[in-house]
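**Q** Just so you know, the protein sequences line up as chains A and B, in that order.
FYI, the working numbering numbers position 137 of the first sequence as 137, with every residue one higher than the one before it.
FYI, the working numbering numbers position 60 of the second sequence as 229, with every residue one higher than the one before it.
Bear in mind the hints are in silico, worked out from the structure with no lab data behind them.
Beta carbons are placed, not taken as given, at the ideal position from N, Cα and C, and that holds for glycine.
Wrong hints could be hidden among the right ones.
[To be verified] Beyond 10 Å from chain B on every Cβ pair, some chain A residues (computed):
no., residue
1, Lys30
2, Ser39
3, Leu40
4, Thr44
5, Lys46
6, Ala47
7, Ala64
8, Pro69
9, Lys71
10, Ile72
11, Ser133
12, Pro135
13, Gly152
14, Ser157
15, Gln165
[To be verified] Quick list of simulated restraints, FRET-style, between CB atoms:
no., chain 1, residue 1, chain 2, residue 2, range
16, B, Thr243, A, Lys41, 40 to 46 Å
17, A, Asn114, B, Gly276, 22 to 28 Å
18, A, Asp121, B, Phe236, 16 to 22 Å
19, A, Gly100, B, Asp234, 18 to 24 Å
20, B, Pro239, A, Asn114, 51 to 57 Å
21, B, Glu235, A, Asp42, 43 to 49 Å
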Amino acid sequence: MRLITAMVVGLGLISCGSAPHARAAVKPAKERKKAPEFSLKDSTGKALKLSDLKGKVVLLNFWATWCGPCKIEIPWFIEFEQKYKDKGFAVLGVSMDEDGWKDVKPYVESKKINYRVVVGDDTTATLYGGVDSLPTTFIVDRDGKIAAVHVGLVSKSDYASDIEQVLAK
Amino acid sequence: MLVTLNKFWRSSAVVLLAATPAFAQNVLTVLPPESTSIKLGQTGEAKVHLKLRSGYHVNSNKPADEFLIPLKLTWTSTAVETVSVEYPKPAMEKYQFSEKPLSVYSGEFDIATKFKPIARGMTTVSGKLRYQACNDTMCLPPKTIEIQLPINVE
Chain A
1 MRLITAMVVG LGLISCGSAP HARAAVKPAK ERKKAPEFSL KDSTGKALKL
51 SDLKGKVVLL NFWATWCGPC KIEIPWFIEF EQKYKDKGFA VLGVSMDEDG
101 WKDVKPYVES KKINYRVVVG DDTTATLYGG VDSLPTTFIV DRDGKIAAVH
151 VGLVSKSDYA SDIEQVLAK
Chain B
170 MLVTLNKFWR SSAVVLLAAT PAFAQNVLTV LPPESTSIKL GQTGEAKVHL
220 KLRSGYHVNS NKPADEFLIP LKLTWTSTAV ETVSVEYPKP AMEKYQFSEK
270 PLSVYSGEFD IATKFKPIAR GMTTVSGKLR YQACNDTMCL PPKTIEIQLP
320 INVE
């Protein structure tokens with residue numbers, strides 16, 4: 001049921017009209033829905049709100065340390081953070097690990113993740129349609145609206161294309 | 170050693186409950202295992218038969234990566250002692266997302282448990298099966314399934 005909910009919400013948010021795994025085109029700006037606000041803590045215990053990043057294009061990635069496909073994407077996101085940060089871009093990783101920072105912190109340190117990471121919860125996942133499958137990634141535009149969503153592993157070039165399109169507008 | 174399968178119980182031996190309601194996708198089905206009668210002083214075996222949706226796998230009980238969540242079956246009972254839980258031999262499979270082969274189960278397989286009774290009579294053994302499933306492009310959150318297994322100690 002939550003997968004269905006996630007898909008319905010995902011489709012409602014961006015109306016991409018495609019199944020998981022498929023290339024999700026960036027939605028025209030006037031048709032985008034607002035990305036739900038949340039406040040989650042980083043590894044230092046400091047609260048981070050999505051709205052703290054308003055004005056930036058945000059790659060919002062739900063992931064977990066036990067998720068193999070998520071680990072393929074992380075080096076790409078490290079590269080994107082470095083490559084696009086001066087253009088007003090930020091990656092925000094939301095870990096869905098049940099044991100929180102106990103599992104996440106060693107992984108973040110070992111992979112030298114250079115972008116913001118917070119630990120998520122069911123409330124936040126529900127706001128984004130349940131996030132039943134990982135990775136699930138949203139591209140949020142400078143106005144805090146969802147421009148694209150990807151469920152499952154997609155190509156690095158797809159992400160780069162989305163980011164560059166959304167940064168350009 | 171002694172394994173007596175009681176067909177009478179087969180259809181009602183196990184009650185499956187999703188213990189982790191946050192995760193709704195059921196790609197793993199636990200088929201009702203054959204219930205077991207065991208003589209006091211001997212050891213009996215019960216098998217849990219698992220069936221994964223096509224295209225999905227679960228990590229074996231000894232995954233190759235420290236961050237992966239192993240398949241684990243545990244039992245709780247005051248009337249029988251769990252002697253051993255025996256998992257099948259895993260397959261080493263390479264996936265699109267993995268740099269090296271992973272130790273996994275897919276398709277259909279059994280987990281066998283050996284029990285040694287402590288006292289005569291009917292008892293229900295409570296089991297918990299913990300697993301985490303993926304396909305080639307995405308993963309589902311870890312899930313725990315509860316299993317209730319009646320055992321008759323003769």
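**Q** Each hint: holds or not?
**A** Taking the hints in turn, this is what the structure says about them:
{"no.": "1", "hint": "Lys30", "result": "30 Å, holds"}
{"no.": "2", "hint": "Ser39", "result": "20 Å, holds"}
{"no.": "3", "hint": "Leu40", "result": "17 Å, holds"}
{"no.": "4", "hint": "Thr44", "result": "22 Å, holds"}
{"no.": "5", "hint": "Lys46", "result": "25 Å, holds"}
{"no.": "6", "hint": "Ala47", "result": "23 Å, holds"}
{"no.": "7", "hint": "Ala64", "result": "7 Å, violated"}
{"no.": "8", "hint": "Pro69", "result": "4 Å, violated"}
{"no.": "9", "hint": "Lys71", "result": "7 Å, violated"}
{"no.": "10", "hint": "Ile72", "result": "5 Å, violated"}
{"no.": "11", "hint": "Ser133", "result": "4 Å, violated"}
{"no.": "12", "hint": "Pro135", "result": "7 Å, violated"}
{"no.": "13", "hint": "Gly152", "result": "4 Å, violated"}
{"no.": "14", "hint": "Ser157", "result": "15 Å, holds"}
{"no.": "15", "hint": "Gln165", "result": "23 Å, holds"}
{"no.": "16", "hint": "Thr243(B) / Lys41(A): 40 to 46 Å", "result": "32 Å, violated"}
{"no.": "17", "hint": "Asn114(A) / Gly276(B): 22 to 28 Å", "result": "40 Å, violated"}
{"no.": "18", "hint": "Asp121(A) / Phe236(B): 16 to 22 Å", "result": "20 Å, holds"}
{"no.": "19", "hint": "Gly100(A) / Asp234(B): 18 to 24 Å", "result": "19 Å, holds"}
{"no.": "20", "hint": "Pro239(B) / Asn114(A): 51 to 57 Å", "result": "31 Å, violated"}
{"no.": "21", "hint": "Glu235(B) / Asp42(A): 43 to 49 Å", "result": "23 Å, violated"}
Hint compliance for this structure: hints 7, 8, 9, 10, 11, 12, 13, 16, 17, 20 and 21 are not met, and every other hint is.
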